[in-house]
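Respectively, the protein sequence lines represent chains X and F. With the working numbering, letter number 13 in the first sequence gets 13, and the count goes up by one each step, no holes. With the working numbering, letter number 465 in the second sequence gets 465, and the count goes up by one each step, no holes.
Simulated from the structure, these hints should not be mistaken for lab results. Beta carbons are placed, not taken as given, at the ideal position from N, Cα and C, and that holds for glycine. Some hints could be false.
[What the hints assert, rightly or not] Chain F regions said to be covered by chain X (calculated; three or more residues, Cβ under 8 Å):
hint, stretch
1, 29 to 42
2, 64 to 71
3, 98 to 104
4, 146 to 153
Protein chains: 2
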Amino acid sequence: MGKNKGKKVEAITPRDVDFARWYTDVISKTEMVDYAPVKGFMVIRPYGYAIWENIQKLYDAKFKATGHQNMYFPLLIPENMLQKEAEHVEGFAPEVAWVTEGGGKKLNERLAIRPTSETIICSMYSKWLNSYRQLPFLYNQWANVVRWEKTTRPFLRTSEFLWQEGHTLHETAEEAQEETMRMLGIYREVAEKDLAIPMVVGRKSESEKFAGAAATYTMEALMHDGQALQSGTSHNLGQHFTKAFDITYLDRNNEQQYPYHTSWGVSTRLIGGLIMVHGDDNGLVLPPHIAPIQVAIIPIAAHKPGVLDAAQDLKKRLEGRFKVTLDDSDNSPGWKFNQWEMKGVPIRIELGPRDLENNQCVLARRDNGEKIPASLDDIEGTVGDLLETIQQNLYDKALKAREEKTSTAENMDEFKQRLAENPGFVKANWCGDPACEDKIHEETGASCRCIPFDDEQEVIGDGSCVCCGKHADKMAYFARAY
Amino acid sequence: MGKNKGKKVEAITPRDVDFARWYTDVISKTEMVDYAPVKGFMVIRPYGYAIWENIQKLYDAKFKATGHQNMYFPLLIPENMLQKEAEHVEGFAPEVAWVTEGGGKKLNERLAIRPTSETIICSMYSKWLNSYRQLPFLYNQWANVVRWEKTTRPFLRTSEFLWQEGHTLHETAEEAQEETMRMLGIYREVAEKDLAIPMVVGRKSESEKFAGAAATYTMEALMHDGQALQSGTSHNLGQHFTKAFDITYLDRNNEQQYPYHTSWGVSTRLIGGLIMVHGDDNGLVLPPHIAPIQVAIIPIAAHKPGVLDAAQDLKKRLEGRFKVTLDDSDNSPGWKFNQWEMKGVPIRIELGPRDLENNQCVLARRDNGEKIPASLDDIEGTVGDLLETIQQNLYDKALKAREEKTSTAENMDEFKQRLAENPGFVKANWCGDPACEDKIHEETGASCRCIPFDDEQEVIGDGSCVCCGKHADKMAYFARAY
Numbered sequence: 001m002g003k004n005k006g007k008k009v010e011a012i013t014p015r016d017v018d019f020a021r022w023y024t025d026v027i028s029k030t031e032m033v034d035y036a037p038v039k040g041f042m043v044i045r046p047y048g049y050a051i052w053e054n055i056q057k058l059y060d061a062k063f064k065a066t067g068h069q070n071m072y073f074p075l076l077i078p079e080n081m082l083q084k085e086a087e088h089v090e091g092f093a094p095e096v097a098w099v100t101e102g103g104g105k106k107l108n109e110r111l112a113i114r115p116t117s118e119t120i121i122c123s124m125y126s127k128w129l130n131s132y133r134q135l136p137f138l139y140n141q142w143a144n145v146v147r148w149e150k151t152t153r154p155f156l157r158t159s160e161f162l163w164q165e166g167h168t169l170h171e172t173a174e175e176a177q178e179e180t181m182r183m184l185g186i187y188r189e190v191a192e193k194d195l196a197i198p199m200v201v202g203r204k205s206e207s208e209k210f211a212g213a214a215a216t217y218t219m220e221a222l223m224h225d226g227q228a229l230q231s232g233t234s235h236n237l238g239q240h241f242t243k244a245f246d247i248t249y250l251d252r253n254n255e256q257q258y259p260y261h262t263s264w265g266v267s268t269r270l271i272g273g274l275i276m277v278h279g280d281d282n283g284l285v286l287p288p289h290i291a292p293i294q295v296a297i298i299p300i301a302a303h304k305p306g307v308l309d310a311a312q313d314l315k316k317r318l319e320g321r322f323k324v325t326l327d328d329s330d331n332s333p334g335w336k337f338n339q340w341e342m343k344g345v346p347i348r349i350e351l352g353p354r355d356l357e358n359n360q361c362v363l364a365r366r367d368n369g370e371k372i373p374a375s376l377d378d379i380e381g382t383v384g385d386l387l388e389t390i391q392q393n394l395y396d397k398a399l400k401a402r403e404e405k406t407s408t409a410e411n412m413d414e415f416k417q418r419l420a421e422n423p424g425f426v427k428a429n430w431c432g433d434p435a436c437e438d439k440i441h442e443e444t445g446a447s448c449r450c451i452p453f454d455d456e457q458e459v460i461g462d463g464s465c466v467c468c469g470k471h472a473d474k475m476a477y478f479a480r481a482y
Numbered sequence: 001m002g003k004n005k006g007k008k009v010e011a012i013t014p015r016d017v018d019f020a021r022w023y024t025d026v027i028s029k030t031e032m033v034d035y036a037p038v039k040g041f042m043v044i045r046p047y048g049y050a051i052w053e054n055i056q057k058l059y060d061a062k063f064k065a066t067g068h069q070n071m072y073f074p075l076l077i078p079e080n081m082l083q084k085e086a087e088h089v090e091g092f093a094p095e096v097a098w099v100t101e102g103g104g105k106k107l108n109e110r111l112a113i114r115p116t117s118e119t120i121i122c123s124m125y126s127k128w129l130n131s132y133r134q135l136p137f138l139y140n141q142w143a144n145v146v147r148w149e150k151t152t153r154p155f156l157r158t159s160e161f162l163w164q165e166g167h168t169l170h171e172t173a174e175e176a177q178e179e180t181m182r183m184l185g186i187y188r189e190v191a192e193k194d195l196a197i198p199m200v201v202g203r204k205s206e207s208e209k210f211a212g213a214a215a216t217y218t219m220e221a222l223m224h225d226g227q228a229l230q231s232g233t234s235h236n237l238g239q240h241f242t243k244a245f246d247i248t249y250l251d252r253n254n255e256q257q258y259p260y261h262t263s264w265g266v267s268t269r270l271i272g273g274l275i276m277v278h279g280d281d282n283g284l285v286l287p288p289h290i291a292p293i294q295v296a297i298i299p300i301a302a303h304k305p306g307v308l309d310a311a312q313d314l315k316k317r318l319e320g321r322f323k324v325t326l327d328d329s330d331n332s333p334g335w336k337f338n339q340w341e342m343k344g345v346p347i348r349i350e351l352g353p354r355d356l357e358n359n360q361c362v363l364a365r366r367d368n369g370e371k372i373p374a375s376l377d378d379i380e381g382t383v384g385d386l387l388e389t390i391q392q393n394l395y396d397k398a399l400k401a402r403e404e405k406t407s408t409a410e411n412m413d414e415f416k417q418r419l420a421e422n423p424g425f426v427k428a429n430w431c432g433d434p435a436c437e438d439k440i441h442e443e444t445g446a447s448c449r450c451i452p453f454d455d456e457q458e459v460i461g462d463g464s465c466v467c468c469g470k471h472a473d474k475m476a477y478f479a480r481a482y
């Protein structure tokens with residue numbers, strides 16, 4: 001007898017009762033992640049890591065298709081190197097973990113565990129680059145980074161996380177800007193098409209940009225609780241680092257020049273977004289493109305003749321095209337339904353004696369609970385189509401939810417009222433003055449998430465700044481954020 | 001005019017003049033790797049990293065096919081945790097890099113950057129494991145590790161390297177032993193079939209085994225200079241760690257038990273082996289299964305009408321099945337020949353006006369210099385077959401080289417003479433006494449690389465120990481080693 005026979009899956013705290021507890025329940029009960037012995041660090045368990053592998057595969061293919069190659073740079077950065085770009089060190093130094101002893105000896109110089117790799121990569125680029133003929137440099141690395149954080153939550157903010165960081169060099173400012181936009185576009189494309197998370201994109205304000213960047217661009221997602229999640233950033237670094245690290249090359253006119261520089265990254269944080277955008281009170285809801293298991297087959301009355309064989313046949317038919325599991329454990333069907341539902345598997349297939357008599361099975365959709373009888377004849381085609389339908393539906397649902405949680409405000413009173421009534425994005429005109437940005441943050445808790453690009457700009461009301469009332473050139477998205 | 005037009009590729013030091021310099025020349029001129037700012041650390045450049053990605057892909061597929069899943073454990077291990085298994089800490093403590101400051105504060109406890117992850121993984125396993133129903137635990141991680149080394153050489157021994165480490169738990173000692181052997185088998189299979197490196201496998205002596213293991217098994221390769229390279233190890237850890245970390249479960253009889261434990265790893269060191277086994281005085285020689293570029297197309301008299309178009313057509317035909325590059329730079333064909341030869345590309349295809357007239361091209365083999373005219377009609381098939389021929393030939397050549405460098409010795413004089421005349425493996429009977437092992441090492445510089453399994457055991461001479469002359473149960477492989 002199965003040890004879980006008859007047991008119910010332990011309940012998950014409802015989302016709208018306590019969203020933070022819901023999140024913690026989901027990530028632990030689904031065994032995606034666990035807390036490490038060192039505070040603020042996480043262990044990514046197989047179910048979480050398989051999602052990360054899928055995310056990696058999708059992005060890595062697009063990086064390579066756009067001419068980027070992978071490299072690996074060292075984990076440890078000498079302190080003097082981290083200090084070369086003034087804004088950069090100011091931004092990152094407070095979060096650094098320092099190695100001070102190695103091989104039984106105290107080191108002469110502290111070594112930073114990379115919080116990001118601009119400095120060490122630039123030190124190598126300055127050695128490698130000689131001529132314009134070598135440009136562009138289009139490189140990326142997949143790596144772990146450490147940033148000592150005070151308040152942490154698995155995937156969303158941890159002292160160590162996994163990410164990729166692209167680092168490119170270009171002849172002209174225009175090419176660097178194009179690259180910065182290209183990578184933001186790739187980030188958004190995979191996030192929307194595969195993670196089914198609609199993104200708002202735009203430029204970061206001066207106070208929110210990357211330490212050392214000329215400009216930072218971001219994609220921002222809205223979570224179920226109305227808080228925003230910065231989900232990927234692409235930085236135009238101008239010549240800040242190339243000058244600090246004396247990276248020069250001979251240009252087409254045989255003159256020494258500093259190249260233009262970009263960097264861009266997405267991280268395991270995306271997994272947190274995936275959970276908080278799609279999940280519901282029964283647990284995870286995973287988009288088919290990213291789910292480690294797309295189809296779970298559950299035999300009904302498995303002891304009846306032919307059922308288990310038919311379930312195994314079905315698995316064989318499907319597993320060439322899809323990621324399939326057959327749950328032939330001795331737990332009860334009801335327990336299995338809950339279990340695979342909690343794990344967010346897009347389609348559950350139920351197959352029992354009566355189904356077999358009718359040459360059919362039942363497909364249960366995780367995204368909307370619908371149960372669909374389907375002939376076994378073209379089950380591969382039916383499942384394939386349904387997975388795409390679910391993928392699209394999850395995106396549409398998430399977009400609708402975001403739109404419902406997005407409001408506009410013309411003055412501070414409206415701003416506060418909108419956030420109180422309907423937490424989410426507030427679109428408001430902003431004059432660009434950091435004093436207004438600070439005041440908005442102090443009074444509402446919302447930060448400037450991004451200033452949309454011109455093609456997505458709108459004028460709210462009469463075009464005056466939501467805070468100071470002066471003329472505002474731009475509208476921005478504000479929200480409380482993770 | 002191309003900046004390299006007319007230039008010759010700078011010469012590589014011949015292997016037999018100075019093997020160490022040859023190695024350094026090859027890895028730097030082919031841009032596989034560079035030296036990092038912190039001594040002993042390396043930067044893996046795209047050409048080196050692409051090989052690592054290929055190695056990862058091959059092993060990862062086999063790990064998954066044998067039921068293993070990937071996870072990710074934290075980089076930092078608290079000092080008290082590293083100390084729980086006595087032999088383990090003794091073995092690794094001298095090589096540890098310690099984090100003592102984080103987030104602007106001195107830490108209460110030093111944190112080790114993982115030199116290997118047995119301890120932190122066991123601390124989590126003890127939390128996760130409850131019942132025999134959960135066993136086996138079959139997990140792996142791909143990660144970076146740090147071991148502070150005094151003498152380093154890129155890929156071969158570096159203070160940081162990339163690897164995978166498998167960590168499994170089992171109900172019985174037999175299952176753990178089977179797993180240990182299964183993974184050694186997988187290591188060997190990929191190494192021999194894909195890296196084309198023949199391996200000697202067997203058990204490590206007590207003094208050479210992993211710190212904390214019950215038994216360590218190894219695959220050992222022989223480099224061109226006659227030195228051995230430990231290329232992958234699989235450890236049966238018994239219950240050493242499961243007891244130290246109090247990992248218990250309820251067995252089939254409802255009794256508390258300690259599970260049996262294995263760990264196994266291969267690393268970026270394999271790239272060093274690949275270079276030193278196959279490379280020659282012209283540079284790298286890469287086995288087709290692992291080469292980032294399998295075919296380099298060089299147009300001859302590229303300015304003549306039709307040549308460049310035909311080269312591009314050829315590239316299009318081949319690139320669906322193979323990893324192909326077309327070198328249409330304005331360097332001279334001779335320079336290109338040298339360049340791609342140095343990079344170890346298995347097949348160079350030359351295509352000039354006269355070839356086109358005859359509907360043919362010329363295939364130049366990197367492994368033996370042979371030039372083969374081939375019809376363009378079934379060029380895909382011809383190239384595919386030739387790549388497999390080259391793959392096999394590289395293995396055969398390497399095996400022959402190893403056999404020529406393997407000798408036997410019945411006493412210490414013979415041992416020294418063999419090593420002096422023909423550096424390589426010396427097979428000799430060994431009584432198993434560590435004193436003899438030490439003496440052999442002191443007098444010859446050769447260490448015990450492994451004790452072959454019974455099916456590959458031989459008796460040398462009269463079966464007496466090469467050192468003390470007493471009866472020896474086993475024969476072992478000795479060599480100087482990296």
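Verification of the hints:
no.: 1; hint: 29 to 42; result: holds (count 6)
no.: 2; hint: 64 to 71; result: holds (count 3)
no.: 3; hint: 98 to 104; result: holds (count 7)
no.: 4; hint: 146 to 153; result: holds (count 4)
Of the numbered hints given earlier, the model fails none.
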